[in-house]
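Guided by the hints, dock chain V onto chain A, whose structure is given.
The listed protein sequences derive, respectively, from chains A and V.
Per my numbering, the first sequence starts with residue 1, numbered consecutively.
Per my numbering, the second sequence starts with residue 422, numbered consecutively.
In short, the hints are calculated from the structure, not lab data.
Positions of the beta carbon are idealized from the N, C-alpha and C atoms, including for glycine.
One or more of the hints may lead you astray.
Stated by the list, open to error - Here are some, though not all, of the chain V residues that point toward chain A, as calculated from beta-carbon distances under 10 Å:
1) Val511
2) Thr644
3) Ser654
4) Gln769
5) Pro778
Residue strings, one per chain:
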Amino acid sequence: MGDLLRKYWKRYFRQLGLALVGLFLVVGCYVPRTAGPTTGPVPANADLAEDISAKPTVCAEAYDSTKDYFPDKVTTEYATGFSVDYHNHYKVVTVSDPWRGADRTFQYVLVQCGTPVPTGFVNAQIVEVPVKSVVALSTTQLPHLVILDRLETLVGVSQFETVNTPEVREKIERGEIQALSSGAALDVERLLLADPDLVMTFGTGDADSDSHERLIAAGLPVALVSEYREQTPLGRAEWLKFVALFFNQERRSQQYFSEMVTAYESMKKLTADPSARPTVFSGFSYEGTWYMPGGNSYAAQLLADAGADYLWADIESNGSRPMDFEAVFERSQAADFWVNMSQDWQRKEDAIAADPRYGKLAALQNNKAYNNNAKLNQTGGNDYWESGLANPDVILADLIKIFHPERLPDHDLVYYQPLKP
Amino acid sequence: MINNSSSQAPKKTYPQADSSPRRKAAIEAATEPLFGLRLSGISGIIGLIVLLLIVFLASLALGSVSIPLSEVIAALLGRETTHAAWREIVVDFRLPRALTAMVAGAALANSGLQLQALFRNPLAGPSILGINAGASLGAALVVLSGGAIGSSAITSGRLSSWLAQLSLVGAASMGAAIAMLLVILVARQVRSSLALLIFGLMFGYTTTALVTILLHFSQIDQTLAYLSWTFGSFSGVTWQQLPVLLVVTILGLGLSFLFAKLLDVLLLGEEQAIGLGLSLNRVRCCLIVSASVLAGSVTAFCGPIAFLGVAVPHLTRTLLRTLSHRILIPATTLLGAILALVADAIAQLPGSQTLLPLNAVTALLGAPVLIWLMLKRYQLF
Numbered sequence: 001m002g003d004l005l006r007k008y009w010k011r012y013f014r015q016l017g018l019a020l021v022g023l024f025l026v027v028g029c030y031v032p033r034t035a036g037p038t039t040g041p042v043p044a045n046a047d048l049a050e051d052i053s054a055k056p057t058v059c060a061e062a063y064d065s066t067k068d069y070f071p072d073k074v075t076t077e078y079a080t081g082f083s084v085d086y087h088n089h090y091k092v093v094t095v096s097d098p099w100r101g102a103d104r105t106f107q108y109v110l111v112q113c114g115t116p117v118p119t120g121f122v123n124a125q126i127v128e129v130p131v132k133s134v135v136a137l138s139t140t141q142l143p144h145l146v147i148l149d150r151l152e153t154l155v156g157v158s159q160f161e162t163v164n165t166p167e168v169r170e171k172i173e174r175g176e177i178q179a180l181s182s183g184a185a186l187d188v189e190r191l192l193l194a195d196p197d198l199v200m201t202f203g204t205g206d207a208d209s210d211s212h213e214r215l216i217a218a219g220l221p222v223a224l225v226s227e228y229r230e231q232t233p234l235g236r237a238e239w240l241k242f243v244a245l246f247f248n249q250e251r252r253s254q255q256y257f258s259e260m261v262t263a264y265e266s267m268k269k270l271t272a273d274p275s276a277r278p279t280v281f282s283g284f285s286y287e288g289t290w291y292m293p294g295g296n297s298y299a300a301q302l303l304a305d306a307g308a309d310y311l312w313a314d315i316e317s318n319g320s321r322p323m324d325f326e327a328v329f330e331r332s333q334a335a336d337f338w339v340n341m342s343q344d345w346q347r348k349e350d351a352i353a354a355d356p357r358y359g360k361l362a363a364l365q366n367n368k369a370y371n372n373n374a375k376l377n378q379t380g381g382n383d384y385w386e387s388g389l390a391n392p393d394v395i396l397a398d399l400i401k402i403f404h405p406e407r408l409p410d411h412d413l414v415y416y417q418p419l420k421p
Numbered sequence: 422m423i424n425n426s427s428s429q430a431p432k433k434t435y436p437q438a439d440s441s442p443r444r445k446a447a448i449e450a451a452t453e454p455l456f457g458l459r460l461s462g463i464s465g466i467i468g469l470i471v472l473l474l475i476v477f478l479a480s481l482a483l484g485s486v487s488i489p490l491s492e493v494i495a496a497l498l499g500r501e502t503t504h505a506a507w508r509e510i511v512v513d514f515r516l517p518r519a520l521t522a523m524v525a526g527a528a529l530a531n532s533g534l535q536l537q538a539l540f541r542n543p544l545a546g547p548s549i550l551g552i553n554a555g556a557s558l559g560a561a562l563v564v565l566s567g568g569a570i571g572s573s574a575i576t577s578g579r580l581s582s583w584l585a586q587l588s589l590v591g592a593a594s595m596g597a598a599i600a601m602l603l604v605i606l607v608a609r610q611v612r613s614s615l616a617l618l619i620f621g622l623m624f625g626y627t628t629t630a631l632v633t634i635l636l637h638f639s640q641i642d643q644t645l646a647y648l649s650w651t652f653g654s655f656s657g658v659t660w661q662q663l664p665v666l667l668v669v670t671i672l673g674l675g676l677s678f679l680f681a682k683l684l685d686v687l688l689l690g691e692e693q694a695i696g697l698g699l700s701l702n703r704v705r706c707c708l709i710v711s712a713s714v715l716a717g718s719v720t721a722f723c724g725p726i727a728f729l730g731v732a733v734p735h736l737t738r739t740l741l742r743t744l745s746h747r748i749l750i751p752a753t754t755l756l757g758a759i760l761a762l763v764a765d766a767i768a769q770l771p772g773s774q775t776l777l778p779l780n781a782v783t784a785l786l787g788a789p790v791l792i793w794l795m796l797k798r799y800q801l802f
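Next comes chain A alone, as it looks inside the complex (with noise of 0.2 Å):
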């Protein structure tokens, strides 16, 4: 399928091929259209800020080569996408899955600002940090900038219409950064006048549709958050630690991501071993095609999490696989729940009006239908693929709220919403 995918972009649309990878990974690197509506979802540690002294490392004034320049140390339990080696005055990044099926990997040695540069990194990129001005191509990049009070570095973005998080839609209208892509294709020129000490991007591993070797051939340091190869949703969310590797912020991104990792494994529990676990299934169909996320995706595990019973979690994928509309019937048509389907719907009435035969599935006559498009913009930009991929504790109390709402009894849902009658 992916295969064929590709020829038929190539031969249309090559650089909207590369948006499309993301969506088969279905967890993917989903570039969110963000939408309006700007309460975002409260994260789990909201009182963060006064915890934490915001203050990045400024640059050193005498080098002292005894001296440990950073001395918050970030470790990872869930991504095993990227790895950090701390030296005193520089530290190693290395990507290590930049994205499906990849020969090679990516290293960052990223050097504190006014100490020299070490030498012996061939094909590394060099990034002096911290730095002072990035530009973010993935909207799921936004709200790690939030999360470590580094926004105001933020010079540029893919497109201002997929974004979602509020404190990005104020700096817009305030005109504070720019739009880098046109359309689908970014403007690499445009890019290559804003200057920033940094580009944070992802790849798809088609060299048609990615830019990060041309940006990095044009000398513009390039990092690959590559979040979306992640199978689990707190090793997505881990992901923010990368992020704050390059601004120095690892103390805050530790102490972020550790509290929402207490609150998601705290509500886990709630469903460790619930008395009942209602069936499940996910996706919608296109033109008769079914695009069901596997076992191993991100979508499977929080069902799992939940205390959901995922129908489909015997597909041996971590992506998606194609089904045919009859064989979902058949193994559906009695579940519990459907969740995660079209974003244009929010009604019943609109899964009908699209193909009646969703008005047999029981979960829709029962209205057990929902839909993760709660917080859309006036573009359709989805905030559950931008705040929700960096916050998957909140993703994961509304879908207990939907399949347990006993246990979380004071929980209002924040993406999800049923499909009104």
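Chain V in isolation, oriented as in the chain A frame:
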């Protein structure tokens, strides 16, 4: 003299008024029997009808979900099945899909046959007139502006969801119709079939360019929805839509049966046709209307299905070893329906729960067959 020879060059494989040995040989080659199988007109058609029935039943019995044949028949007869879902699968999924495949294959093949006769060009097919391109532009306009429709649905509910429901098929039909009108307008002004072909091609390029621009500025969801549409599928058509498709295509097919004689005369060449008292312009318009109604309605409902329209007429000519359209029209219709059902059954990958894009299957199966026929025709092996 020069004119004469150049205008005859592309007609090699078709009968002309004269009967030089070379031409006869070409006709022989074009109608070389397949697998040594020589079917005369009527028996061939009867054979195809039987085959169609078998394939139709097989396609109801095959699918991602394994359902015993007896249960399929029980479901069709309205009896209870072992599992309630089986009945719904047969009645709500497989039956409309098989019916859609049947009429779509028939319509596309027929449309291709008419256009090949009209242009006396074996490469002609439903996509040649820009009708597919027009339908694609209509579909792209709807699908790719879906975000706007979706968000307005939040505010104005019923009307826009009704719009969203009709829009894909409706807009694709509109696009096909507009393309068709343009082609007819041009056909009325331009005498040369070649010029008309070029116009169709250029129109296709233009609309493709517009679609590309739309895609460039659209969001991933919509791109995927559009892409899925271009893959082609018979599974998206539901009972609610099927009557429209059936009525339109059956009308178009009926119309085409009336054209058998016209097509035979056309094959003699335009001058001979005029000599026989044919109003070329009127014939051309009739054929374009009939061919594009057939192709346009199928494309609107099922996406641009590749290949059947070009390949099936060739296959039929070879199989039945005739150039008479009184035989070819019904035979092409039947063979188109059969091959569409077969391609769809293969795309379902029976027994597995996953599936292949229909267009990949039609081309992967069709292209080698066509190449083989060509090689055989020109006696290259």
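How the hints compare with the structure:
no.: 1; hint: Val511; result: holds (9 Å)
no.: 2; hint: Thr644; result: holds (5 Å)
no.: 3; hint: Ser654; result: holds (4 Å)
no.: 4; hint: Gln769; result: holds (6 Å)
no.: 5; hint: Pro778; result: holds (6 Å)
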